[in-house]
Amino acid sequence: MEKSVIKICLFFVFLLIFQNESFGQRKAELTEEQYNVLENTYRKAKEKTIDVYYHTIPFESWMQSLWNEDNYSDMGVGFCSFKEPDIKLAFSELKKQVFDLEEKEIYWKKLSDKIKTSKRKKRSKVSFLSEPIIIGDYSFVFSRSVDQKSVHVLKKDTLGKWKYECGVPLEFELH
Amino acid sequence: MMLSACIPEPENPTIELSESSQLAQVRDWFEANKTKLRLPERGTNFRTESQELILPFFEKEPDWEQFHHYFFPDGREVFEVSLENATKYFPASMLDSFPDRDVKELVIQNIMFISHPTEQRFDPVIARYYPDGEGSIEDFEGIYYDGIPHDWSGVVDIWTYDERHFIGFTFENGEVVGHFKYSPLTSTGEQARIAGDCIQITREISNNYTDSNGIVVVVPPTIVVQTFCSGSGGYTPGGGSGDGRDYHDYQRPPCCDDPVTAPPRDVPPYEPPSLPTPKTIIMQLTNPCAADIFKELSKGSAYLTDMTGLGSLDIFPGMLDLFEQSGQFDYRIRNGNTGSQAGGSTSPIVNGVITITLSDDYLRTATSLSIARTIIHETVHAYLLKQAKIQTDMNTVQLLNEYWKEYPENLPDTHHALMSQYVLGMAVSLYNWDKKYGPTGGSLGFDYYYKMAFGGLLKDGTEVPLDEVKNLIPSGSSWSEISKILENEATGNYNANGEKCN
Chain A
1 MEKSVIKICL FFVFLLIFQN ESFGQRKAEL TEEQYNVLEN TYRKAKEKTI
51 DVYYHTIPFE SWMQSLWNED NYSDMGVGFC SFKEPDIKLA FSELKKQVFD
101 LEEKEIYWKK LSDKIKTSKR KKRSKVSFLS EPIIIGDYSF VFSRSVDQKS
151 VHVLKKDTLG KWKYECGVPL EFELH
Chain B
1 MMLSACIPEP ENPTIELSES SQLAQVRDWF EANKTKLRLP ERGTNFRTES
51 QELILPFFEK EPDWEQFHHY FFPDGREVFE VSLENATKYF PASMLDSFPD
101 RDVKELVIQN IMFISHPTEQ RFDPVIARYY PDGEGSIEDF EGIYYDGIPH
151 DWSGVVDIWT YDERHFIGFT FENGEVVGHF KYSPLTSTGE QARIAGDCIQ
201 ITREISNNYT DSNGIVVVVP PTIVVQTFCS GSGGYTPGGG SGDGRDYHDY
251 QRPPCCDDPV TAPPRDVPPY EPPSLPTPKT IIMQLTNPCA ADIFKELSKG
301 SAYLTDMTGL GSLDIFPGML DLFEQSGQFD YRIRNGNTGS QAGGSTSPIV
351 NGVITITLSD DYLRTATSLS IARTIIHETV HAYLLKQAKI QTDMNTVQLL
401 NEYWKEYPEN LPDTHHALMS QYVLGMAVSL YNWDKKYGPT GGSLGFDYYY
451 KMAFGGLLKD GTEVPLDEVK NLIPSGSSWS EISKILENEA TGNYNANGEK
501 CN
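From first to last, the protein sequence lines stand for chains A and B. The first sequence begins at 1 in our numbering and counts up one residue at a time. The second sequence begins at 1 in our numbering and counts up one residue at a time.
Note that these hints are calculated values from the structure, not bench results. Ideal Cβ placement from N, Cα and C applies to all residues, glycine included. All the given hints hold, so there is nothing to weed out.
Sample of chain A residues lacking proximity to chain B, with all beta carbon distances greater than 12 Å (derived):
#, residue
1, K3
2, Y54
3, L89
4, L111
5, T117
6, I134
Which stretches of chain A does chain B cover? Using the computed rule of at least three CB atoms under 8 Å from a CB of chain B, they are:
#, segment
7, 35 to 44
8, 71 to 81
9, 137 to 149
10, 168 to 175
Looking at chain A on its own, in the form it has when it is part of the complex (with noise of 0.2 Å):
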């Protein structure tokens, strides 16, 4: 009996020493400010809701189209102008860091009303989005649904707040 009592107290031990053990394990969790790059990239959203993959994207080679000669150049690249040097020194950063992204579980919690997250990959309008790069004063969400990719640019203004800057459509259906 003592026995059996030991086991099974040794038995929790071995337990709770595993499960902080597994800590290491566990996803990374998104920063406060990544959930503010988030909230502020649907704002000006006209739907009501946006539908979200409850875990963030990590790497995937369709984001390195975002430098192709057809869509990337000195100018600028989708909706994005170069006319102010840094937008293109974070753009030449993100070209290196885009290969860290991580697949991270996005509390819906965290977020408002406006974006939901689902955690069915199957459901039609559902986005799939990386962790936001912060780069500077720029973050970037690349973001991937049944048929189109793109990516979000949001800058922080000088009063600390994330803003919509420009998008970068990649792949799309035009009709």
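Got chain A; can you put chain B on it based on the hints?
Just chain B now, with coordinates in the frame of chain A:
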């Protein structure tokens, strides 16, 4: 109990073979095989009794820094490389067309390396582009076999690598009006028309000499340019008009002592490849009716006479001008399978080109009025893509960005929302086309064309018009009515006012 999370590995970036490395493979192949690129001889009397038009052979020196890369419709890969030879051939008529110019400088001469469909080799041919007037003078970048300017006039002449005439195409305003092959003089001894019979050779004559001390004195050479034209006793171009054939094969004219067993020769043999007709840079529609509509739209047409002040709103020709002004001709229109129910689609920029595709199924049923509307609509998409790329009209780019914020991750809605501001201009383009070229001569009333201009301005994936568009619906009309008009014209049913295009 251990719990482990599975974190997926990031995708490895794919490495794509660059054009330059592909070209290097072509160059290596050429250097290894160029001495073997001869058609088999016919016999010992070949040169005197052959019925082929053969120019003197000269060494081909490709300028590997300048090339075009494309694919024939059947998938064969082509590298078209500039030929930097001192020797150029051109028709004697060019001396008359350009009396005050160095005609040699106006001829574009390239070598086309065409991949063999099954073997690891390239079958080259020589392409020569002869403009017929000042308006058709192009540089290397401006003309190639898969990219003839849409308003070009002149001759595209193709020769085998060993300088036997293969085929020539005559262009007028971007259209192939005929093709020809040289054939022997008729038995009646009819005088040949002059064509392809001038040669201009540039030679360097050394002026070096040895002085009294035995030392070679180097002096700048004398450059001599000599032009030789045969003019008479030549060959008559044979063959006729554009017969719609997809591909042209090299055919050796019959000879006096045919058939003759060709002497043995090295493997691999040289076979001049079959060639499609050269393509104009913009208009690649194979549906004749749609092609005519496009050409008519691009010419522009009569101004409105019953609504003064609006005639200048014909936006279509101006939008095409944007593509022409860039100097890179990055607009194409073709027909094929769009992979959807839509009548037309516009691609993203791929290798510098925006391609509009009209659905073959749609072209079979639609009226010409509907097709003209679709061409206008898709061209506006292409125009907006181009504006975003070149960023010279920041007003348009900023408008696109503002609509994008309202329709994030949805470029169709972004474009269609902005297109609401072009509805009047699109209607004018459509009205002007019908007035001058269309089935009703502009007799439908402007209101009809205006309603047709709303085609496609729907919320993505729905049958509901965008908010920006709803406000523009004429009072007294409904979206249902507009939708019906568009359907009638797209299906060519008995309620359509236009005429079927097939």
